Amino acid sequence: MNNWISALADLQQQGEPCVLVTIIEEQGSTPRNAGSKMVISAAQTFDTIGGGHLEYKAMEIARQMLDSGRHDTHLQRFSLGASLGQCCGGVTVLLFEPMGQVQAHIAVFGAGHVARALVPLLAGLPCRVRWIDSREQEFPVHIPSGVRKIVTDEPVDEVDALPTGCYCIVMTHNHALDLELSAALLKRNDFTYFGLIGSKTKRVKFEHRLRDRGFSPQHLQRLRCPMGLREVKGKLPVEIAISIAGEIIATYNAHFGQHTASANTASSEPIKQLLPSSRRSQATH
1 MNNWISALAD LQQQGEPCVL VTIIEEQGST PRNAGSKMVI SAAQTFDTIG GGHLEYKAME
61 IARQMLDSGR HDTHLQRFSL GASLGQCCGG VTVLLFEPMG QVQAHIAVFG AGHVARALVP
121 LLAGLPCRVR WIDSREQEFP VHIPSGVRKI VTDEPVDEVD ALPTGCYCIV MTHNHALDLE
181 LSAALLKRND FTYFGLIGSK TKRVKFEHRL RDRGFSPQHL QRLRCPMGLR EVKGKLPVEI
241 AISIAGEIIA TYNAHFGQHT ASANTASSEP IKQLLPSSRR SQATH
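Read the sequence shown against the numbering used here and you will find it ends at 285, with the numbers running on by one and no gaps.
Any given hint could turn out to be false.
To be verified - DSSO-like mimics (lysine-lysine), calculated; alpha carbons at most 30 Å apart, straight line:
#  : residue 1 : residue 2
1  : Lys149    : Lys187
2  : Lys205    : Lys235
3  : Lys202    : Lys187
4  : Lys187    : Lys200
5  : Lys233    : Lys200
6  : Lys202    : Lys149
7  : Lys235    : Lys200
8  : Lys235    : Lys202
9  : Lys202    : Lys233
10 : Lys37     : Lys57
11 : Lys205    : Lys187
In case anyone wonders, no lab produced these hints; they're calculated from the structure. Only a predicted model underlies this, so the values are computations on that prediction, with no experimental measurement involved.
Construct all of the structure, not just a fragment, from the sequences and the given hints.
Structure (structure tokens):
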């Protein structure tokens, strides 16, 4: 059984989402005392809050949170005897804290100067990055943690492998390849963000060619070109990279927490409502 502290550090280093579960209140006979913790990932558990049905329910709740991508903390009160059938018979309140949740899956097509400045920035965010190019020699020796390098002679084929809702950034060394990637992404049309490096002139040319392929104005409106925050000026690769990273952050923060609107009511109740009855009066003073 691994210590929860080292397990949490290892999982965060690997970029693997998990939930930290803490006993924040206990009354009567309970398996473990307040402050006890465990860490739950999609496939593993570390440390313990006492075992039995309580721990089983904690694992079930934590993995539902991971599956749904919930980012909010969650409190739940358990009567060990009445609701869980444990012989202890006490009451426990658990705090569920999502850790290391992935905010965005990002695909970067191209490994040129701007991409080499951008990818390390993205790697420092709560994101998973696919970095795709046909030129092995363009990638740096050190690939940041959380970044998957993909060397392929057919970058367009990688579009089919992207997860729904992906953030897609096209900045290859070849305009013809940029056009084919743009067409493939717009055909799928299930991305959250699609940015194409280039000027307004490049956008006009691409829109004309994509309309000739049957793409509607509604499709083309989803294309960001030029991409990046307009407030961030400059033409250096790192300046352009910061501008693009800022737009990615602004986009995923705009959607943060929206999927939690229908979360069950236990997570939104005041803490005092989840405490054992003997503690509720203390919580109101």
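Evaluated hints:
1. At roughly 24 Å between alpha-carbon atoms, Lys149 and Lys187 fall within 30 Å of each other, so this suggested pair holds.
2. As the CA atoms of Lys205 and Lys235 are separated by approximately 22 Å, the hinted pair is consistent with the 30 Å bound.
3. Restraint check for Lys202 and Lys187: the C-alpha separation of about 20 Å stays at or below 30 Å, so the hint holds.
4. Restraint check: the Cα-Cα separation between Lys187 and Lys200 comes to about 22 Å, which is no more than 30 Å; the hinted pair holds.
5. Between Lys233 and Lys200, the direct Cα distance comes to roughly 16 Å. Compliance with the 30 Å bound is thereby established for this hinted pair.
6. Pair hint Lys202 plus Lys149 holds up; C-alpha atoms about 27 Å apart against a cutoff of 30 Å.
7. For a cut-off of 30 Å, the pair hint linking Lys235 to Lys200 stands: about 15 Å separates their Cα positions.
8. Only pairs whose Cα atoms come within 30 Å are accepted, and Lys235 paired with Lys202 is accepted, the gap being roughly 16 Å.
9. This hinted pair checks out: Lys202 and Lys233 have alpha carbons roughly 19 Å apart, not beyond 30 Å.
10. Straight-line distance between C-alpha atoms of Lys37 and Lys57 comes to about 14 Å, which keeps the hinted pair within the 30 Å bound.
11. Straight-line distance between C-alpha atoms of Lys205 and Lys187 comes to about 18 Å, which keeps the hinted pair within the 30 Å bound.
The earlier numbered hints are all upheld by this structure, with none contradicted.
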